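Listed here are the chains, written in short residue letters.
Protein chains: 4
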Amino acid sequence: MKDTLKIGTKEFTSRFLLGTGKFSLEKTAEVISAADAQIVTMALRRVKEAGSSNILEYIPDTVTLLPNTSGARNAQEAVRIARLAKAVGCGDFIKIEVIRDTKYLMPDNNETVKATEILAREGFTVLPYISPDLNAARDLVDAGAAAVMPLAAPIGSNKGLLTKDFIQMLIENIDLPVIVDAGIGKPSEACAAMEMGADAVLANTAVATANDVAAMAGAFRMAVDAGRKAYLAGLGRVLNQGSDASSPLTGFLED
Amino acid sequence: MKDTLKIGTKEFTSRFLLGTGKFSLEKTAEVISAADAQIVTMALRRVKEAGSSNILEYIPDTVTLLPNTSGARNAQEAVRIARLAKAVGCGDFIKIEVIRDTKYLMPDNNETVKATEILAREGFTVLPYISPDLNAARDLVDAGAAAVMPLAAPIGSNKGLLTKDFIQMLIENIDLPVIVDAGIGKPSEACAAMEMGADAVLANTAVATANDVAAMAGAFRMAVDAGRKAYLAGLGRVLNQGSDASSPLTGFLED
Amino acid sequence: MKDTLKIGTKEFTSRFLLGTGKFSLEKTAEVISAADAQIVTMALRRVKEAGSSNILEYIPDTVTLLPNTSGARNAQEAVRIARLAKAVGCGDFIKIEVIRDTKYLMPDNNETVKATEILAREGFTVLPYISPDLNAARDLVDAGAAAVMPLAAPIGSNKGLLTKDFIQMLIENIDLPVIVDAGIGKPSEACAAMEMGADAVLANTAVATANDVAAMAGAFRMAVDAGRKAYLAGLGRVLNQGSDASSPLTGFLED
Amino acid sequence: MKDTLKIGTKEFTSRFLLGTGKFSLEKTAEVISAADAQIVTMALRRVKEAGSSNILEYIPDTVTLLPNTSGARNAQEAVRIARLAKAVGCGDFIKIEVIRDTKYLMPDNNETVKATEILAREGFTVLPYISPDLNAARDLVDAGAAAVMPLAAPIGSNKGLLTKDFIQMLIENIDLPVIVDAGIGKPSEACAAMEMGADAVLANTAVATANDVAAMAGAFRMAVDAGRKAYLAGLGRVLNQGSDASSPLTGFLED
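Residue numbers (our numbering), protein chains in the order written: chain A, 1 to 255; chain B, 1001 to 1255; chain C, 2001 to 2255; chain D, 3001 to 3255.
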């Protein structure tokens, strides 16, 4: 049986989502290919950018687009951007981002729930980006979300799994795919998120700030796959204290 | 140019070493294959076990054997076991383990240096297992070691990279391969060790205590490769504070 | 100039708040005294308990009562409990706790904001207990809260400062006292919260689960004071790598 | 019964040792007083400094001097410095520091054991500074040490309890006072070391790099006392997962 990720009505074999917000358009195709990504996020602004350059030209047709509502400061703006995204041909997957302040860029969970409710009713496949809060996640389930996207750390920080314990609560208690988004800085952290039982990981800044962007995209993809494999294989116990010999220790020389 | 690991006069394309001390003999071949391991450690006792079963029958010829001196409580015993290992056909790679106590099983760095000096002079390719101590590692360089194998955590504990800062010192200051050994419990931790610049990782208990042992061996191999790839790709910066927008944030709706 | 904590119109010299939910009534007075606490929380139920025993008899008159709304599952219930608390003589300080589920007991930030708004308008001094979310905290400022009480970890877990980075955001960006509440398990963790610039710390389970409850209350008080003192004294820099000799290192023997 | 720290034949009520290597001489008395320190370390060079200024003039008579052997690169040099310290009137307490490199300043455990053996036989009360290695600590017990002083992190780094798990091994297995030395950067970290069961903590750089040096010394003293008190009071359990209500949660409104 295949281990696939189902979001809405679609099924994916890759569990690594790629953000494109920090690459040049020219790099985009190469990085998507190196990551072998099947879902790619982008800001709607980059779809609509003036002149001839449009990010969509750089994304293969086989990839599912996940436009985000970045720029939205409340539910109404997010809803409006989502509708525009659909209108310009990005499909009906939408990542909701509602951000009120420009320093920490922390998502507004409350407005996100409201936008999710409206858009899910309109038939969108809604993936809300949130602070990992169990109550907000339950509200999102009720609102018709197709997945939840809790942040690991402030966006763009590369600080890693700071919210680990709270993401774990979502994994254990929310009956939707949990996609860890924002703040993951290293493949090992993406791997750790998958080992915990996350369904997928999204990275953007961690890839974009690497020296070799395409190679880092590939490293992330491998680490995500390794983490998924380890989760399915069942991790071994961790000792609270002491040690446990790997090899027979005593009596050898007395044999 | 190929990225290979050189130990003594040999060259390897895999950077994941597999310990075999906790598998049944029957599992050994399957796990080696799943890990695609090129170096495999084993206790000499298992080579010499009574009756027809000998671990060597389960290890492919293409694999480099790395017998360890487990059971040795001082340099002299380690030297004696190393010579026996060579005599019974295990080759001249030897992992030195000198352990005095049976609770924490912490290696005796001092005796390990002594054994390394003797065995290196005799032509062995010596890989000493140590507590990650910069001074001891320098003594091992002088003693003729072919690599250093610092522990991440107490052996068999699966506790992960507890000694991270001290392994980093070895990576930066010791001009020998640094192979992280003991205590690594999850593929993500192996990946993190490689991202730091370690040359290879060995796991045993973490694989042996998984539900699906062969699958976990495969997950480790992938995670080690991902970590190496990330190291070579150059990790991005980590913000001390704040955030950094992945997507253009402002003005969208004003366009 | 005295370093005091101002909440609403009151001023306190102690920055350690004590929860009483897990002590026997008889222990309460002793623990309050050992902690030298000036603010003490209690569940309204314990005030109203049947028969002659009432927790208020065990709390000195000089202590400010901070009844909580535990048991409330939404804003309306919290408001009702707050009014009852005032009616039975607990004063106008109220800690808002709105909890919808019984497994993780995570506060519902959204309902908490609603209750805060209503009660602040009624003249209560409102201290809302929240998941440390910058947007929710800003909403609480707007709603008229007198302080914010972000959790460090799930209540009663003794897991420590899991939300450190997110509490730091509140400290830096919210112009109200930040009182770290829930999950603090050791005096060292209370001390660390204060070193970060938190205004106060509340503990309950960590004290109640100690072997010697009164001594642990005293240890917390000292640790909170030490952390405050360190914060005011200005912590030294942390090196990213390397070391820095404390003593003159070289040339001694050459003198 | 008084809770005292016994080192050699002396008994102390303070468990906070102060290093003086980074203060001006003028500050020394003030800081010792703020810390209420009973043991103070200093480099012998500062005792012997040219001209009229001698650190000993700034240290109260009631304080036990703990000269260190900083500058020693091997056992012989350490022994020579120890004897000089005694000759110039510093008494027979000696902290052995043997450091071979100038980048990480990591102590040489092996040479330290040798120096300890020689000096203990000569009647010194020997406090060796080491990397926290269980085998080396056992050798130090055999060599006649009066305490062991494991490092928390590279000296002067203020990085905190990086070696926590390995210090814990010493605390549980070595029948000598364990004094955590080097790398502690904040009072909360000193407190945590004491909560683990360490017998004392030494700080120097963390105090010297604070904005208000005397206040920070006082904060450290309080935090060490708080940690000791918490250790003796018996810390409460930490939940692996979930939460535990501090207050009665249900049924309130149904009463």
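Honestly, the hints are just simulated from the structure, not real lab data. Treat the numbers as computed from the prediction; the structure is a model and nothing was measured. The reader is advised that the hints may include incorrect statements.
Stretch-level coverage of chain D by chain B, calculated; a stretch enters the list once three of its residues show a Cβ under 8 Å from a Cβ in chain B [as the list claims (entries may be wrong)]:
| hint | region |
| --- | --- |
| 1 | 3009 to 3015 |
| 2 | 3229 to 3240 |
With the C-beta cut set under 7 Å, the calculated list includes, among others, these residues of chain C facing chain A [claimed, not checked]:
| hint | residue |
| --- | --- |
| 3 | 2102 |
| 4 | 2104 |
| 5 | 2106 |
| 6 | 2108 |
| 7 | 2131 |
| 8 | 2133 |
| 9 | 2134 |
| 10 | 2135 |
| 11 | 2162 |
| 12 | 2165 |
| 13 | 2169 |
Just so you know, even glycine gets a beta-carbon here, dropped at the ideal spot from N, CA and C.
Quick rundown of the hints versus the structure:
1. With a cut-off of 8 Å between beta carbons, the region 3009 to 3015 of chain D has 0 residues touching chain B; three or more are needed, and the interface restraint is violated.
2. Coverage of the region 3229 to 3240 of chain D by chain B is violated [criterion: at least 3 residues with CB-CB distance below 8 Å; count 0].
3. For residue 2102(C), the interface hint is violated, the least distance from its beta-carbon to any beta-carbon of chain A being 12 Å, above 7 Å.
4. Evaluation of the residue 2104(C) hint against chain A yields a held restraint, the C-beta minimum of about 6 Å falling below 7 Å.
5. For residue 2106(C), the interface hint holds, since its Cβ comes within 7 Å of a Cβ in chain A; the closest pair sits about 5 Å apart.
6. Here the hint on residue 2108(C) is kept, as its CB sits about 5 Å from the closest CB of chain A, short of 7 Å.
7. The restraint placing residue 2131(C) at the interface with chain A holds, with a minimum CB-CB distance near 5 Å, inside the 7 Å limit.
8. Among the interface hints, the one on residue 2133(C) holds; its C-beta lies about 5 Å from the nearest C-beta in chain A, closer than the 7 Å criterion.
9. Satisfaction of the interface hint for residue 2134(C) is found here, the shortest Cβ-Cβ separation to chain A being roughly 5 Å, below the 7 Å cut-off.
10. The interface hint given for residue 2135(C) holds, since its Cβ lies 5 Å from the closest Cβ of chain A, which is under the 7 Å cut-off.
11. Satisfaction of the interface hint for residue 2162(C) is found here, the shortest Cβ-Cβ separation to chain A being roughly 5 Å, below the 7 Å cut-off.
12. At its closest, the beta carbon of residue 2165(C) sits 5 Å from a beta carbon of chain A; the interface hint therefore holds under the 7 Å criterion.
13. Of the supplied interface hints, the one on residue 2169(C) holds, with its beta-carbon coming within about 6 Å of a beta-carbon of chain A, less than 7 Å.
The structure fails hints 1, 2, 3 (numbered hints given earlier, in ascending order).
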